[in-house]
Amino acid sequence: MARWRLGGPALAAALVLATGQAVACDRPEGWTGGARIAGELWTSWWQSEPAAIPVGAHFSIRFHLCGPPVDRVKARGWMPDHRHGMNYRPTVTLNGSSGTAEGLMFHMPGRWQLILDVRGAVGREKLTAESVLE
Amino acid sequence: MTPWRSGASVAARLSGFAIVICVFSGIAAPAPALDFTAEEERRILRHGPWPPALQLDPSNRVSGNPAAIAFGRALFFEPRLSISGAISCATCHPPERAWTDGLPRSRGQQTVDRNAPSLFNLRFNRWFGWDGAQDSLWAQNLRPLLDRREMGVGPGGAARLVRTDRQLSCGYRRAFGEAPGADDARLFVDLGKALAAFLEAQVTGRTPFDDFRDALARGDAAGRARYPAAAKRGLRLFIGGGNCVFCHFGPAFTNGEFADAGVSHFIEPGRVDPGRYGGIRKLRQSPYTLLGRFNDDAGRSTAAKTRYVHLRQSNFGEFRVPGLRNVALTAPYMHAGSLETLADVAHHYSTLDEERLHAGGERILRRLDLSVREQADLVAFLETLTEKAPLHEFVEDTGNAVCRQPVQ
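Residue numbers (this note's numbering), protein chains in the order written: chain A, 1 to 134; chain B, 135 to 542.
Please note that a few of the clues may not be correct.
As the list claims (entries may be wrong) - Here are the computed distance ranges between Cβ atoms for each label pair:
id : chain 1 : residue 1 : chain 2 : residue 2 : range
1  : A       : ARG27     : B       : ALA363    : 49 to 59 angstroms
2  : B       : PRO408    : A       : ARG83     : 18 to 28 angstroms
3  : B       : ALA432    : A       : LYS74     : 24 to 34 angstroms
4  : B       : ALA432    : A       : THR93     : 19 to 29 angstroms
5  : A       : LYS74     : B       : ARG241    : 40 to 50 angstroms
6  : B       : ASP478    : A       : LYS74     : 34 to 44 angstroms
7  : B       : ASP431    : A       : SER98     : 24 to 34 angstroms
8  : A       : ARG27     : B       : ARG490    : 17 to 27 angstroms
9  : A       : GLY123    : B       : ARG405    : 44 to 54 angstroms
No lab work stands behind these hints: they were computed from the structure. Just so you know, even glycine gets a beta-carbon here, dropped at the ideal spot from N, CA and C.
Extracted from the complex, chain A is given alone in its bound form (with noise of 0.2 angstroms):
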């Protein structure tokens, strides 16, 4: 079963993008692992399961968003490179800040992106994470 490529130490630091200063977040309480998403609006932290996200197979993410409050997020993949998703559309259920989004599957190997779209009354966020399923 595939896993998740380690790409070198850069690709495996976390990068702040936005240009505005990130939303402070820690880590979840009870939460081991996960990575975290930054952004102008919202921070995320995430995380997969299972922990290894194969090709091929469903798989959830539970995350936690710091920030103004969330009216509604949405979960998606990308593949940047061929320009097409995923072929399943995950249901999220989103409690207060936090939530679930099951029923993600990554279908090929390739550079592949997980976006949380985040909608909020202060706006609307898309946060990003990417890596190289192979």
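Given the structure of chain A, go ahead and fit chain B onto it with the hints provided.
Same frame as chain A, but now just chain B:
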């Protein structure tokens, strides 16, 4: 340490990052030495080991049951499951011809719109049928029994046959532990499940590629050297510039999903095969899915795909990506058998008409412009995915003898 990098609203900002996988860089000339790079070896190793661990299908309570396998075998060769009494599953899927009929489009009661795929390795499929209209092997087995162009016996006819035929009734009782019941629909689905138990057993054997792959895994230089040079060059194309590996991924050489391979969607002038788009619509209307009452797994543990599958306009004209094991035995190729040989397949991708692909579609498929030698190399590699040993020994209808002994 996470392998992820992250950002917010980053569509434009990510463009400066290095792309780790070369999506399409043209076909580089093969290196004179046929040693693979470490990255190539990693990709090759992901196409094994073979065979993988076999798991029972929790949606089918007779999965792996020897009595059900024997009963399914009897059903597979049973022509009375067709409205004419002359067509069995084996008519279009003769085991002695690698479970396919060699025709571009198969003939049951009538000529159908698609090619009869081989039945190897079905237990590893996620979706069934060229359009994925079925989400389980047992549901797939019901489709030809329902389609009047294929066998068409229907639930009532099939149930009546099994209830009234002594041997079939006995076979059912042995497989399911009870006499055939009065519920036509349930009995009909059980026939699909017995057929599934039989077809699950049809797993391909080891191939020259597997020997090479395993030699790589254990660092066996002599084992590596036995793999033909042309196949190595073809393998390098397959996992590299040919982009084949994006869809034909993993031990079964398929990602289990759907793609527009750039072949015609027209069944005949004015009539188009919608492919996956139609398949998802059929799936959602079917009573025979993993979300329905016939799933034997109360927890619906394998039903996520059905629950979350997403219908998109781009599904139009997509067809299931077939596995490639024993591919040299299963001509003709593509969903309507439009390509006669593996050489034709290599030529198709080499000269692909990109205008034919959907605008805004995937960037995976590009005209490869392979040289004649490169096309031959690709074919040489594909041929090594085929078993050297004789095919499964399926010469007689032993299944009908299942109940010649007294029932215990």
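Status of the hints after comparison with the structure:
no. : hint                                    : verdict
1   : A:ARG27 x B:ALA363: 49 to 59 angstroms  : holds, 52 angstroms
2   : B:PRO408 x A:ARG83: 18 to 28 angstroms  : holds, 22 angstroms
3   : B:ALA432 x A:LYS74: 24 to 34 angstroms  : holds, 31 angstroms
4   : B:ALA432 x A:THR93: 19 to 29 angstroms  : holds, 22 angstroms
5   : A:LYS74 x B:ARG241: 40 to 50 angstroms  : holds, 47 angstroms
6   : B:ASP478 x A:LYS74: 34 to 44 angstroms  : holds, 43 angstroms
7   : B:ASP431 x A:SER98: 24 to 34 angstroms  : holds, 30 angstroms
8   : A:ARG27 x B:ARG490: 17 to 27 angstroms  : violated, 50 angstroms
9   : A:GLY123 x B:ARG405: 44 to 54 angstroms : holds, 49 angstroms
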